[in-house]
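Q: For the protein sequence lines, the chains are A and B, in the order given. Everything in the first sequence is counted per the working numbering, starting at 1 for the first residue and increasing by one. Everything in the second sequence is counted per the working numbering, starting at 1001 for the first residue and increasing by one.
Because the hints were derived from the structure by calculation, they are not lab data. Any given hint could turn out to be false.
[Unchecked claim] According to the in silico footprint, chain A covers these stretches of chain B (three or more CB under 8 Å from chain A): (1) 1034 to 1043; (2) 1055 to 1069.
[Unchecked claim] Subject to a maximum C-alpha distance of 25 Å in a straight line, what follows is the list of computed DSS-like cross-link-like pairs (lysine-lysine): (3) B:Lys-1056 <-> A:Lys-22; (4) A:Lys-22 <-> A:Lys-57; (5) A:Lys-13 <-> B:Lys-1002; (6) B:Lys-1056 <-> A:Lys-57; (7) B:Lys-1067 <-> A:Lys-22; (8) B:Lys-1042 <-> A:Lys-100; (9) A:Lys-100 <-> A:Lys-57; (10) A:Lys-22 <-> B:Lys-1002.
[Unchecked claim] Take a look, some chain B residues computed to stay more than 12 Å from chain A by CB distance: (11) Lys-1002; (12) Gln-1006; (13) Glu-1015; (14) Asn-1022; (15) Ser-1026; (16) Val-1029; (17) Ser-1073.
By construction, the Cβ of each residue, glycine as well, lies at the ideal position given by its N, Cα and C atoms.
In case you want the letters, here they are:
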Amino acid sequence: AAGVIQSPRHLIKEKRETATLKCYPIPRHDTVYWYQQGPGQDPQFLISFYEKMQSDKGSIPDRFSAQQFSDYHSELNMSSLELGDSALYFCASSGGGLAKNIQYFGAGTRLSVL
Amino acid sequence: QKEVEQNSGPLSVPEGAIASLNCTYSDRVSQSFFWYRQYSGKSPELIMSIYSNGDKEDGRFTAQLNKASQYVSLLIRDSQPSDSATYLCAVNIYGGYNKLIFGAGTRLAVHP
């Protein structure tokens, strides 16, 4: 079965650079969530989109923005990168029906800011 | 105080034993509860979901929910070395298309 696809898998950036992370949800899933997981930490919710509209916002810095496109894929844009942004970034998706609130996670993007 | 609390472990059990993982949550209106397994450097993988009080069994895994006590647990029977991972308890407070709030995770080590 198709899963959540994230790209790139690894990304190395310098301080103050920008980064774009992409997420392709499971087919027919209409909701996308972004989480950040620092070393030894639990995943922290950043932002989510339902039917291309922002549905919830968590601890996402103002330097970050995100959107969901007409094909339901989502992009997380990160600017003025800081050392503390180094983390695993996970995208999850959920769909309709009885299992609408079950979130399936992608493999993640490991961002290293040097 | 975190909204979702777990003992960080490590919880060490011998192969073939039952591993018992516990989680408490603070918000009484919480509606949906999940257990995810996460291997180091990998993504969370859904193990169990539970929505109503009582037990839910799936293979070697049993989730237990007690909303009055705000407590959810995961039992792993016949533990295998491949079960060694961090187990994350996650709560969806409002239901529907809403964020998950995770506990810090319990690290489980199953030794041969």
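Q: Hint by hint, note whether the structure agrees.
A: Against the structure, the hints come out as follows:
1. Given a C-beta distance limit of less than 8 Å, the hint that chain A covers the region 1034 to 1043 of chain B holds, as 5 residues qualify and 3 suffice.
2. Proximity of the region 1055 to 1069 of chain B to chain A, defined as three or more residues with a beta carbon under 8 Å from a beta carbon of that chain, is not established by the 0 residues found.
3. Distance check on the hinted pair: Lys-1056 (chain B) and Lys-22 (chain A) sit about 35 Å apart at the alpha-carbon level, beyond 25 Å; violated.
4. Proposed proximity of Lys-22 (chain A) and Lys-57 (chain A) is supported: the alpha carbons are some 18 Å apart, at most 25 Å.
5. Proposed proximity of Lys-13 (chain A) and Lys-1002 (chain B) is contradicted: the alpha carbons are some 32 Å apart, above 25 Å.
6. About 32 Å separates the Cα atoms of Lys-1056 (chain B) and Lys-57 (chain A), which puts this hinted pair outside 25 Å; it is violated.
7. The suggested pairing of Lys-1067 (chain B) with Lys-22 (chain A) is violated, with an alpha-carbon distance near 37 Å, which exceeds 25 Å.
8. For the suggested pair Lys-1042 (chain B) and Lys-100 (chain A), the alpha carbons sit about 23 Å apart, so the restraint of at most 25 Å is met.
9. Among the hinted pairs, Lys-100 (chain A) with Lys-57 (chain A) is consistent with the structure: their alpha-carbon atoms are about 19 Å apart, no more than 25 Å.
10. With a C-alpha separation of about 30 Å, the suggested pairing of Lys-22 (chain A) with Lys-1002 (chain B) is violated against the 25 Å cut-off.
11. Not every CB of chain A lies more than 12 Å from the CB of Lys-1002 (chain B), the least distance being 9 Å, so the non-interface label is violated.
12. Against chain A, the non-interface label of Gln-1006 (chain B) is violated: not every CB pair exceeds 12 Å, the least being about 9 Å.
13. For Glu-1015 (chain B), the shortest C-beta to C-beta distance to chain A comes to about 26 Å, beyond the 12 Å cut-off, and the non-interface label holds.
14. The Cβ of Asn-1022 (chain B) lies farther than 12 Å from every Cβ of chain A, with a closest approach of about 16 Å, so its non-interface assignment holds.
15. Its beta-carbon lying about 15 Å from the closest one in chain A, Ser-1026 (chain B) satisfies the requirement of being farther than 12 Å from that chain.
16. The beta carbon of Val-1029 (chain B) sits about 14 Å from the closest Cβ of chain A, which is more than 12 Å, so the claim that it is off the interface holds.
17. Listed as outside the interface, Ser-1073 (chain B) is consistent with that label: its C-beta sits roughly 18 Å from the nearest C-beta of chain A, beyond the 12 Å cut-off.
Taken one by one, the earlier hints fail for this structure at numbers 2, 3, 5, 6, 7, 10, 11 and 12, listed in ascending order.
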